[in-house]
Amino acid sequence: MKTKDLTIMAILTALAMVLGWVERMIPLELLIPLPGVKLGLANTVTMFSLYWLNLPATMLILTARCLLGGLFSGNVTALAFSLTGGVISMLVMAAAKRSRHLSVWGVSVLGAAGHNCGQILIAMILMHSGAVLGYLPYLLLIGTACGCATAAVTAGVLRIARPS
Amino acid sequence: MMKDLERLTFRKGDAVAIGAVILAAIALLIFFLVSAGNGQAHTVRIYRNGEVIREMPLGENGEYLVTGTYENLVEIRDGRAAITRSSCPGEDCVHSGWISQPGRSIVCLPNRVEVRIEGSTADDEVDAVIR
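Same order as they appear, the protein sequences are chains A and B. Sequence positions in the first sequence follow numbering that gives the first Met the number 0 and run 0 to 163. Sequence positions in the second sequence follow numbering that gives the first Met the number 0 and run 0 to 130.
For reference, chain A alone in the conformation it holds in the complex:
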């Protein structure tokens, strides 16, 4: 692993954690009172890393971000949700990215949908009940909007940051 890649990965991990912290200050759940609703700002880092670096590097950044976040908050439930949602979303995005017909927009929205499905899956396992499945359509619709927002951010950053 090159030192430059390692440095980029460390910076991206730190950035993702800061974005996750900033996100907690935006009271989106007051506007849309559903469990698990969030902007997914940290997802811009995952997407940037998928396009800029590669899948293994992104996996490392994601795992480090979720574990450190869980360590700081001390919330094991939240850790289970962020890790499962994050990994499923990342795998979906990595697969979607291979399609020549999709740009960051489609990749981001599909990643958000993957994240929502992962969250509901974990919730169903934790609750021993399928009732939370009723939240899925709402989460998918909000996730689509948030996915477009993060796509706009990622596209903007990737445009400015041309590889040297």
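FYI, nobody ran anything at the bench for these hints, they're computed from the structure. Beta carbons are placed, not taken as given, at the ideal position from N, Cα and C, and that holds for glycine. There's no promise every hint is true.
[Unchecked claim] A short list of chain A residues far from chain B (calculated; beta carbon distances all over 10 Å): (1) Lys3; (2) Leu59; (3) Leu82.
[Unchecked claim] Here are the simulated distance ranges between beta carbons: (4) Gly73/A <-> Phe31/B: 49 to 55 Å; (5) Thr83/B <-> Pro26/A: 15 to 21 Å; (6) His127/A <-> Phe31/B: 17 to 23 Å; (7) Asn53/A <-> Ala19/B: 25 to 31 Å; (8) Leu64/B <-> Leu33/A: 21 to 27 Å; (9) Leu132/A <-> Thr66/B: 23 to 29 Å; (10) Ile21/B <-> Thr62/A: 17 to 23 Å; (11) Ala13/A <-> Asn60/B: 48 to 54 Å.
Fit chain B to the supplied structure of chain A, relying on the hints for placement.
What follows is chain B alone, placed relative to chain A:
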């Protein structure tokens, strides 16, 4: 890598992908609304870890404190139910507000609690009373 970086502008395939997600969401929404049933809402059932821990009539005002990892106060007022107080982080359950329709539920994930309104179904209704 450069090839990937050229795919930053919206494409036709993106519209198809976004459309598919929205369609799936709407289809699920319609499915859940239809399957929720239209019976008379009459019971509030409180689940923890998937098991019923308490049943309360929706018609009577009352409250019940769910204990566990955290505490949720379930309140029933004027034919509606809500979690009005909770010690869980985030308090999404409190923000969910009041529910009264059969099939609707409030979920507190950190405490693994679900408050669900049950409607009357055909088999628990009395068909006729013979004297």
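Results for each hint:
Consistency note on Lys3/A: stated as away from chain B, and its beta-carbon is indeed over 10 Å from all of that chain's, at 14 Å minimum. Under the 10 Å C-beta cut-off, the non-interface status given to Leu59/A relative to chain B holds; the minimum distance is some 18 Å. Distance check for Leu82/A against chain B: the nearest CB is about 15 Å away, which clears 10 Å, and the non-interface claim stands. Against the hinted window of 49 to 55 Å, the Cβ-Cβ separation of Gly73/A and Phe31/B comes to about 34 Å, which falls outside the hint.
Taking 15 to 21 Å as the suggested C-beta distance range, the pair Thr83/B and Pro26/A conforms, at roughly 19 Å. The given range of 17 to 23 Å is respected by His127/A and Phe31/B, whose C-beta atoms sit roughly 19 Å from each other. Judged by the Cβ atoms, the range 25 to 31 Å given for Asn53/A and Ala19/B holds: they are separated by roughly 27 Å. Our hint of 21 to 27 Å for Leu64/B and Leu33/A holds, since their Cβ atoms are close to 24 Å apart.
Hint check: Leu132/A to Thr66/B, Cβ distance near 26 Å, so the stated range 23 to 29 Å holds. Roughly 31 Å separates the CB atoms of Ile21/B and Thr62/A, a value that falls outside the hinted 17 to 23 Å. Taking 48 to 54 Å as the suggested C-beta distance range, the pair Ala13/A and Asn60/B conforms, at roughly 51 Å.
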